[in-house]
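Go ahead and model the full structure; you've got the sequences and the hints to work with.
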Amino acid sequence: GENVEQHPSTLSVQEGDSAVIKCTYSDSASNYFPWYKQELGKRPQLIIDIRSNVGEKKDQRIAVTLNKTAKHFSLHITETQPEDSAVYFCAASMGSGGYQKVTFGTGTKLQVIP
Amino acid sequence: DTGVSQDPRHKITKRGQNVTFRCDPISEHNRLYWYRQTLGQGPEFLTYFQNEAQLEKSRLLSDRFSAERPKGSFSTLEIQRTEQGDSAMYLCASSLDRRRETFGSGTRLTVV
Chain A
1 GENVEQHPST LSVQEGDSAV IKCTYSDSAS NYFPWYKQEL GKRPQLIIDI
51 RSNVGEKKDQ RIAVTLNKTA KHFSLHITET QPEDSAVYFC AASMGSGGYQ
101 KVTFGTGTKL QVIP
Chain B
1001 DTGVSQDPRH KITKRGQNVT FRCDPISEHN RLYWYRQTLG QGPEFLTYFQ
1051 NEAQLEKSRL LSDRFSAERP KGSFSTLEIQ RTEQGDSAMY LCASSLDRRR
1101 ETFGSGTRLT VV
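Protein sequences appear in the order of chains A and B. First residue of the first sequence: 1, per this note's numbering; consecutive thereafter. First residue of the second sequence: 1001, per this note's numbering; consecutive thereafter.
If you're looking for bench data, these hints aren't it; they were derived computationally from the structure. The C-beta atom is built at its ideal place from N, Cα and C for all residues, glycine as well. There may be inaccurate statements among the hints.
Beta-carbon label-pair distances, calculated as ranges [what the hints assert, rightly or not]: (1) Gly16(A) x Asp1097(B): 36 to 42 Å; (2) Glu1068(B) x Asn3(A): 25 to 31 Å; (3) Ser26(A) x Ser1027(B): 34 to 40 Å.
EDC-like mimics (lysine to aspartate or glutamate), calculated; alpha carbons at most 20 Å apart, straight line [stated by the list, open to error]: (4) Lys101(A) x Asp1007(B); (5) Lys42(A) x Asp1007(B); (6) Lys101(A) x Glu1068(B); (7) Lys42(A) x Asp1024(B); (8) Lys68(A) x Glu2(A); (9) Lys1014(B) x Glu1078(B); (10) Lys58(A) x Glu79(A); (11) Lys42(A) x Glu1044(B); (12) Lys1011(B) x Glu1083(B); (13) Lys101(A) x Asp1097(B); (14) Lys1071(B) x Glu1052(B).
Facing chain B, a subset of chain A residues (Cβ under 10 Å, in silico) [unchecked claim]: (15) Pro34; (16) Leu46; (17) Asp49; (18) Val87; (19) Cys90; (20) Lys101; (21) Thr103.
Put into structure tokens, the structure is as follows:
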């Protein structure tokens, strides 16, 4: 099955700096890569996603890049703000037989220091 | 709130007891997923429904676990003879076809 590795496990940045979280996946059949933000005690919320036919996607201060050859993808947050502090999960998914099973990484706890 | 609803939010049970959780997905969503999340880890896939059909079950879902979605709307997850290792957050998510999943707030289970 799919295996998703994520690093770093914790990341502290100064407010205004950029944060980068990296993930690798094992199954070349994976074709959908969502990123979730989970604040303490709350549900995971999708913040951005990318499909395998796209190399980069940007949404305001958040961008995701995908390298299919190397099987890795990254989340970039620019101009970080204290409200960006949360745990971020990458995930990989493949469509097979009409459904998609999502495999999550182990999470990165991001702390933005004011 | 028209999102995914889960009930109860918290459940404390004694080891050996049975528990049942409920998930109400977004009404037009035909796909429903159950995940388990332990502290410091990402959600782990448990099972998936498309309408009323349970199409996949993870190896994590032992024979003490059973999930149903009888009418293709709400779903229940039952754990029989609970063990301390079952303590976790149980998350439900739903989606329309292969589009993005929306998560519920979860049911936190504590087995004492």
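Results for each hint:
1. Distance hint check: the CB atoms of Gly16(A) and Asp1097(B) are about 40 Å apart, consistent with the given range 36 to 42 Å.
2. About 30 Å separates the C-beta atoms of Glu1068(B) and Asn3(A), a value consistent with the hinted range of 25 to 31 Å.
3. One distance hint, 34 to 40 Å for the beta-carbon pair Ser26(A) and Ser1027(B), holds here, with the actual separation near 36 Å.
4. Proximity of Lys101(A) to Asp1007(B) is assessed by CA-CA distance (about 24 Å); at most 20 Å being required, the pair is judged violated.
5. Taking the CA atoms of Lys42(A) and Asp1007(B), the gap is near 15 Å; set against the 20 Å cutoff, the hint holds.
6. For the given pair, Lys101(A) sits about 18 Å from Glu1068(B) by alpha-carbon distance, which is consistent with the 20 Å threshold.
7. Our distance criterion of 20 Å between C-alpha atoms is met by Lys42(A) and Asp1024(B), whose separation comes to about 17 Å.
8. A C-alpha spacing of about 15 Å is found between Lys68(A) and Glu2(A), which places the hinted pair at or below 20 Å, so the restraint holds.
9. For the proposed pair Lys1014(B) and Glu1078(B), the alpha carbon gap of about 15 Å is at most 20 Å, so the pair holds.
10. As the CA atoms of Lys58(A) and Glu79(A) are separated by approximately 14 Å, the hinted pair is consistent with the 20 Å bound.
11. Of the supplied pair hints, the one linking Lys42(A) and Glu1044(B) holds, its CA atoms being roughly 16 Å apart against a limit of 20 Å.
12. Between Lys1011(B) and Glu1083(B) the alpha-carbon distance is near 14 Å, which keeps this suggested pair within the 20 Å criterion.
13. About 12 Å separates the Cα atoms of Lys101(A) and Asp1097(B), which keeps this hinted pair within 20 Å; it holds.
14. Pair hint Lys1071(B) plus Glu1052(B) holds up; C-alpha atoms about 6 Å apart against a cutoff of 20 Å.
15. For Pro34(A), the interface hint holds, the least distance from its beta-carbon to any beta-carbon of chain B being 7 Å, beneath 10 Å.
16. Residue-level restraint check for Leu46(A) holds (minimum Cβ-Cβ distance to chain B is 5 Å; threshold 10 Å).
17. Taking 10 Å as the C-beta contact cut-off toward chain B, the hint placing Asp49(A) at the interface holds, the least distance being around 7 Å.
18. The beta carbon of Val87(A) is positioned within 10 Å of a beta carbon in chain B (closest approach about 9 Å), and the interface hint is therefore held.
19. Interface restraint check for Cys90(A): the shortest CB-CB distance to chain B comes to about 8 Å, inside 10 Å, so the restraint holds.
20. Because the beta carbon of Lys101(A) sits about 6 Å from the nearest beta carbon in chain B, less than 10 Å, this interface hint is met.
21. Given hint, Thr103(A) at the interface with chain B, holds; its Cβ is 7 Å from that chain's nearest Cβ, closer than 10 Å.
Hint violations for this structure: number 4 only, all remaining hints satisfied.
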